[in-house]
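Engineer: Sequence:
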Amino acid sequence: MRTPIIAGNWKMNKHLEDAIALAEAVASATSDVKNVDVVVAPTFVCLASVASALEGTHVGVAAQNMHTATSGAFTGEISPTMLTDVGCGHVILGHSERRQFFGETDRGVNEKAKVALAHGLIPIICIGESLGEREAEQTMDKVSFQVTAALSGIGEEDITKVVLAYEPIWAIGTGKTATPEQAQEVHASIRALLAQLYSEDIAQQIRIQYGGSVKPANIADLISQPDIDGALVGGASLKADSFSQIVMASDKG
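When you read off a place in the sequence shown, starting at 1, and then add 28, the result is the number in the working numbering.
These are computed hints drawn from the structure, not numbers from a lab. Just so you know, not all the hints are guaranteed correct.
With a Cα cut of at most 30 Å, we get these calculated DSS-like pairs of lysine-lysine [said to hold, decoys possible]:
hint	residue 1	residue 2
1	K189	K142
2	K243	K189
3	K280	K189
Quick caveat, the model's predicted, so the values are computed rather than measured.
Can you make the complete structure from the sequences, with help from the hints?
Structural biologist: Rendered as structure tokens:
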């Protein structure tokens, strides 16, 4: 059985004191959950303090982005080794907001994913279609292209460490959510593609999260789908009670 992974993407929210308090509250509220991997992704400036506050707990820490180089003249960027130094175990890559506002490309996401793996970081690779693409019935084409591009050159020895996050762009921060059936259809398609790229056995080991206005009210229906292995949570991760409810509802053990 694939262990569900629930990751909270805090985006550009929470100053230091509030970030530490939120992290500690999440760790406390979910301390009895044994069959879910729990991860929080604060801003860069809060990473070290949040990781320190969570040391010894079951909650992991992710960065929201990273550069491919370990050092150099890249003003404003953060390297993979800097992330591991402060206690990160995961990194979110290719979020639609990064693609939309900062010009990130499929090729760039692929390069970052390979570097993350080389430095012991688990990449959470985001993929998803726009509203226009869904209405034009191009969802599977778009998602298949993104998955294939993002995983290019990643071998069988590393691919099972990767987490994919299907986030329909039209559902991020809008209050709209793909129905469980819509989400399952895409997740199943992604898993079938992974079987083609690798093998059926490997495809069954790779975790695929759903993201896009995930809330306590809809997580049970989503997580009950056979190919949905967790959630990448946005707004609902900014409050300990709502995020904890999502985590606890995802415990399939």
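Engineer: Going back to the hint list, which numbers does this structure go against?
Structural biologist: Violated hints: none at all, because every hint is consistent with the structure.
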